[in-house]
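Q: Full structure from sequences and hints, please.
Protein chains: 4
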Amino acid sequence: MPAVLPIVHMATKANSVPYPTLIEVDPFIPADQQRGLHNRWHPDIPAFATVKPGEVFKIQCVDWTGAQIGNNDCSDDIKNVDLTKIHNLSGPIAIEGAEPGDCLVVDILDVTPFEKMPWGYTGIFELENGGGLFAREFNSRAAKAIWDFKGVYATSRHIPGVRFAGVSHPGLIGTAPSAELLATWNKREGELISQHLNAVPPVAFPPEPKGAYVGQDLPHEVMDKIAKEGARTVPGREHGGNCDIKNLSRGSRCYFPVFIKGANLSVGDLHFSQGDISFCGAIEMAGIITFSTSVIKGGIEKFALKQPIFLPSPVDPLYSAKLIFEGISVDYHGDGKQYNMDATVAYKQATLNAIAYLMKIGYTREQAYLLLSAAPIESHVGAVVDSPNACVTLALPLGIFEHDILPKEEGLTKKDFGQCAIRSDGVI
Amino acid sequence: MPAVLPIVHMATKANSVPYPTLIEVDPFIPADQQRGLHNRWHPDIPAFATVKPGEVFKIQCVDWTGAQIGNNDCSDDIKNVDLTKIHNLSGPIAIEGAEPGDCLVVDILDVTPFEKMPWGYTGIFELENGGGLFAREFNSRAAKAIWDFKGVYATSRHIPGVRFAGVSHPGLIGTAPSAELLATWNKREGELISQHLNAVPPVAFPPEPKGAYVGQDLPHEVMDKIAKEGARTVPGREHGGNCDIKNLSRGSRCYFPVFIKGANLSVGDLHFSQGDISFCGAIEMAGIITFSTSVIKGGIEKFALKQPIFLPSPVDPLYSAKLIFEGISVDYHGDGKQYNMDATVAYKQATLNAIAYLMKIGYTREQAYLLLSAAPIESHVGAVVDSPNACVTLALPLGIFEHDILPKEEGLTKKDFGQCAIRSDGVI
Amino acid sequence: MPAVLPIVHMATKANSVPYPTLIEVDPFIPADQQRGLHNRWHPDIPAFATVKPGEVFKIQCVDWTGAQIGNNDCSDDIKNVDLTKIHNLSGPIAIEGAEPGDCLVVDILDVTPFEKMPWGYTGIFELENGGGLFAREFNSRAAKAIWDFKGVYATSRHIPGVRFAGVSHPGLIGTAPSAELLATWNKREGELISQHLNAVPPVAFPPEPKGAYVGQDLPHEVMDKIAKEGARTVPGREHGGNCDIKNLSRGSRCYFPVFIKGANLSVGDLHFSQGDISFCGAIEMAGIITFSTSVIKGGIEKFALKQPIFLPSPVDPLYSAKLIFEGISVDYHGDGKQYNMDATVAYKQATLNAIAYLMKIGYTREQAYLLLSAAPIESHVGAVVDSPNACVTLALPLGIFEHDILPKEEGLTKKDFGQCAIRSDGVI
Amino acid sequence: MPAVLPIVHMATKANSVPYPTLIEVDPFIPADQQRGLHNRWHPDIPAFATVKPGEVFKIQCVDWTGAQIGNNDCSDDIKNVDLTKIHNLSGPIAIEGAEPGDCLVVDILDVTPFEKMPWGYTGIFELENGGGLFAREFNSRAAKAIWDFKGVYATSRHIPGVRFAGVSHPGLIGTAPSAELLATWNKREGELISQHLNAVPPVAFPPEPKGAYVGQDLPHEVMDKIAKEGARTVPGREHGGNCDIKNLSRGSRCYFPVFIKGANLSVGDLHFSQGDISFCGAIEMAGIITFSTSVIKGGIEKFALKQPIFLPSPVDPLYSAKLIFEGISVDYHGDGKQYNMDATVAYKQATLNAIAYLMKIGYTREQAYLLLSAAPIESHVGAVVDSPNACVTLALPLGIFEHDILPKEEGLTKKDFGQCAIRSDGVI
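Here the protein sequences line up with chains A, B, C and D, keeping their order.
Last residue of the first sequence? That's 430 in the working numbering, and every number before it is there in order.
Last residue of the second sequence? That's 430 in the working numbering, and every number before it is there in order.
Last residue of the third sequence? That's 430 in the working numbering, and every number before it is there in order.
Last residue of the fourth sequence? That's 430 in the working numbering, and every number before it is there in order.
Hints may contain errors.
If chains are identical, the list can't say which one is meant, so a pair holds when it fits in one copy or spans any two.
Said to hold, decoys possible - For lysine-lysine, the following PhoX-like pairs were computed, each having C-alpha atoms within a straight-line distance of at most 25 Å:
{"id": "1", "residue 1": "Lys-152", "residue 2": "Lys-60"}
{"id": "2", "residue 1": "Lys-15", "residue 2": "Lys-60"}
{"id": "3", "residue 1": "Lys-212", "residue 2": "Lys-87"}
{"id": "4", "residue 1": "Lys-118", "residue 2": "Lys-60"}
{"id": "5", "residue 1": "Lys-189", "residue 2": "Lys-212"}
{"id": "6", "residue 1": "Lys-227", "residue 2": "Lys-263"}
{"id": "7", "residue 1": "Lys-324", "residue 2": "Lys-54"}
In short, the hints are calculated from the structure, not lab data.
A: See the structure below:
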């Protein structure tokens, strides 16, 4: 009920208390020079700050590369990105009262860019440095699109003709693992790696001391332990992690399992927008996330919580009119080959069909590929039971285009949309 | 196409240019002490700033009362509000190239509260000072609810049990009238006033030099003219104005008729949220609005533009499950009286039905009244052709309640939600 | 739980029981020659059939005029329609166990046209015979559009270029009044009539023996009583009635107050589609409605049920992209007159603005008027507090048009859509 | 514009022409005794009927098993289903003017059950006879749920506590292949089979004369050719086919490539409802589908049409509130095993998480499994780029449950929902 405040009969600073920012970063400074960041998962990373359940607080985040990519018209920065320095997380934040076995309820109240940095980027990474869903098929060379954030919308000078509202969300968010859970991760992923020793790209990433970073003053032996054992931030896992779920967006509520005292929540890799699958990255940005939390005692048991569950946001963009592409698990190299119920092939096929359509209206293959990664595309798995073809759909929202792109009797109008940012040597 | 920028291979301040804020205000200082504000509509108010089509810019706004209401638990400030100082607008902003007969396209890119003032209020005004839709029926005494803004959501310690995403929008936005249009307004409203000379409350408000304010350095004679002739900001008119349309929200695009060179756009009375009808005010706030504009030459003729038209936002909150109340134009005083196709009576009846239902689950009449003004209620006019009863519906989104409020066989569970903020003398 | 059925290991007629049709009508025969219909509200009309709570059943309905309008290209049938024979209801249906004070829960499970009659109509009625929202302004002459029902969609040869999914619903549905309630209706409406004795059109309709019809074998004195006292079916009232609420559609659940033993539910005036306001009628059709019911004892008290409340359907058409027109309470005759907070004037103004826009893309005024009555238009009341102008919005779903009708820099493309059905003498 | 009809001034049979039913079936008679059905894809199957572009017509379909499953409380019929007789299609329908290289536009105007058969079923098939997504994990034994169709809704006595609106659609729809395309299918699928000769279940199904059926009078040599070469109906392919896409629902518009003169459209396997993945079947039904078509000359080239593309329906059920489960590609047998970016494992994991949650509120594992197959579940692929874990989400619409199933501080309330239909020997 009403808190007891001194009665002041007007709006003043005294009765207007901003929410605290628990971690402040500079989006223009490399991540490994800043406090409150870390890039490994480990139970021994101490909480950088502590909150009580119910408090609203803000966390600032660098972009996932830590300022390596610039707002310009050349993709050389993508080509040369240093991927040993990625996935910088802000945190951990301890929540009072959270204990192993509990459920940590996290309200993602807002996700915004920095006012001083109203832009982000989507990149196609080189086959040999970052890759992506079509890295091999396209023999990918670096390309990118810079997106300008205009309130709730993004537009790009590199992909004219579209404008869409962002499904802004953290690509990476999770609670800290317990020592046991961490050991499980390292064991199972280690086994996979040992089965695919020379895979290119690697099938998984073992703990790697090089580049490990915790932006706190830690005893040497603690930092060494973290560097030696800490799980890499690349995949999502039972605690959340790098799930890249577009609908874990501002306004959503997520229920995380708690593995250590305090829960130790960390977050990073903010996205202004993303489709259902990140082929080659979302619209990556630095920014600010606003949280509040609560704790449900014994929640793991109460809700059979093996991984996070969540409630989506009522303010996710609604574009009801869509053009939907189908894909089946066959012939995606144009060689007619039949794959056996492979949803990934079907997904790629649906995407190639969408790219072919977008090229009919004038986008280059690179622009189409970037657009499908950045915009609020929806992808559904239609069927994986009808042997031998898995069937997948990809839905393109019509409302994001400035012009009507529906199939018409007279065919499609091809416009000139230029090209996205490419390498300075012109190779695409 | 890509602008020519110097190539810098990382994110820096140099390649990260924030959007300019063209009008800055302090939400804690009375409006009539600040530059860039005005509270009359008049063609002779000079543009405070000028933009080119396509530019993104920000405008700061005080709350509609200009800091008269405090974040506290007593409604005496509502009781004593000085309504001669209301509807402070930020502007005008001139748009290069806009001329009479054109259409000014305004993208409302974002509407947010000040970070330093994360709260707003909904008030029930005294019958004798402000009134409201049920001022007479309820013999209204001042009451209020303070809403805390938590990212996209609002909650209130004065109305526990609900949380909803804001449909944030400017209550008041419009282009400047021409001298001819202003004269038309004053003439037609003057005639109405002259026909209802002693009406309480007044049917309309004539130009009133007292309290007229323009936060610019103007020659005396100009200021006098504005004060003497300037239209009051209370109603909406052909230029937009105080339309209180909740769906003119962040993400919407509005097409305004242009009446003078430069169009001279002004904006104020920001709302964090509001239902379809503002009974007794929305969730009022001070804050920041982000715009971009473009001009369509001859747009008034092209689009038969007698008043603004607009495209709603894809990020308006979506609550698909609703409980809908009907109202007909009869018996709303409980005296059985039949009204003749009166949509307003039907609307009030639907509202009283909703209030009665909310009281069954434990809200006080004041809380229910405030909630229906603040939350994203939808109201539709079902029929005004079936004599003698107009029929109106009011839809309550179920997703804003923490508990299931659906009709159940066992009846409704009544909880104790306390009471909203009331007067220090306890009168309600 | 599972009912005990004989185990038959395949699909057969024996284990496939269709739902019963409790009232059968022929949509091509005048209503006053058919059993199970009635056109007055009176507690003494006996139940035509009785159901148990939980049963699914079907009711067939004639169109509201009882087959007076034909599928042709001339509006003389509209011009000459006999309005003394309208609003034929199917029923009443008694529900076992329902008693005064209870709440009757009615699931409107489906609303479909007859397979043998896949069409309906929207009419503009003559100023002197039926009228409509703009009867005076337009000096209305009969016109109509025939709509073909193609599955979930309607199209019209009289209004080319649009296709939309129907919000199919009963325009008229309600429980029977008690003798007391009926007396209240007759008293209050009689008082209104006596205050406007010579109004054209009449402000309300008193009981009228002429044309009163109950399609059952009743003792003379009972039929005389019904004819003499029975309430006319024109308006909606506390029991539901002719509310013309488009969202009381198939898939919705409605909670009605019960006034007599058995509740005695009646239904008619089916609409394939309608906008938020029926200006000049919806898409009128004959058809079949599927119901199931349940009873909540003491529901009137439990839910403070003064009038029906309802839950809308999850399958109402979703067209998220809209073009919205504003209207204020001024100048709707083009004479500049100021009205005092008149929502109906504001509504008409918004509608006139929409009609003007539709005429820019090539529709005639009559086509535009018919389209706005038939299509799933949404209308919201923006504000009725900002004296002297009420503000109303009317939202046109963009997805119903075959072509892009958005405002464009180059203006709107005007096509030739012909004209709707008009009178044989060519007068419009 | 208006067709010339004789003017009849009322609704009559003469001016009310029902749409023709081109194929009539009896849903209670085995499919191989009925005309107009076939169960192989082959270009030499003659058109059973021919339509002009723009005509509206109806096609009746048996359920996919051809009446093998009964409306009863025992799953022995599922256990013993004869899968050599499945996927009976109604057709082919030739469209005048369609030629290879064209695009056939098909409007799926409606999909309804037979009035005389208002029920359908969802089955869990035996590991050894039909299987399903979890056949191995669950060592599946036959179980089923009978669903009653109540207008737009389905409920089941075997899964109490839920009710949902159907996304009614054809599971199987496509144009006929050319001889070349058919040869391609047989070749590529044959190669896959030859690589997995003894796979259980088989990876694909080669042409199989046994059980091949065409319900037309054909010369022996034609029927033999069809039986010998005809492609099986199990998978989706470039022409559409058994894609099981829930959003190809009534109200959708689909663009098919045309491979032979007339296009030769066939359809079957109607579903009253289905989630995004059919684990173990949808809600299978017999019923009626309403179509209209048009032809876009050269559409394959115009739209880069490798497979069908489609526009979803505006009347697909909208349940905005959801509870979403995440799944990653690890440990789905509880053995901690790490899979390498396997979206199918991630999908299964998300599903197991949802089943575990549903069991907390009282459903049996079988009920939960059936429910997730039948209800309008949405599944999105979150990420397949973050090695080694693919991440998938499964969204459960909250509005389909009679009770609030949200996570609550006090945990979940476990109810007794009984059990679904199981085998007469009680084995589950």
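Q: Tell me, please, which holds for Lys-152 and Lys-60 at an alpha-carbon limit of 25 Å: within, between, both or neither?
A: both (22 Å within a copy, 11 Å between copies)
Q: Pop the pair Lys-324 and Lys-54 into one bin, within, between, both or neither, using alpha-carbon distances up to 25 Å.
A: Neither: 43 Å inside a copy, 28 Å across copies.
Q: 25 Å Cα cut-off: does Lys-15 pair with Lys-60 within a copy, between copies, both or neither?
A: both (19 Å within a copy, 22 Å between copies)
Q: Go through the copies and call it for Lys-189 and Lys-212: within, between, both or neither, with a Cα cutoff of 25 Å.
A: within (20 Å within a copy, 51 Å between copies)
Q: At most 25 Å between C-alpha atoms: does Lys-212 with Lys-87 qualify within a copy, between copies, both, or neither?
A: The answer is within: 9 Å in one copy meets 25 Å, while 61 Å across copies does not.
Q: Between copies, within a copy, both or neither: which fits Lys-118 and Lys-60 at Cα up to 25 Å?
A: both (17 Å within a copy, 13 Å between copies)
Q: At most 25 Å between alpha carbons: which applies to Lys-227 and Lys-263, within, between, both or neither?
A: within (19 Å within a copy, 69 Å between copies)
Hint check: a violation occurs at hint 7 only; the rest are consistent with the structure.
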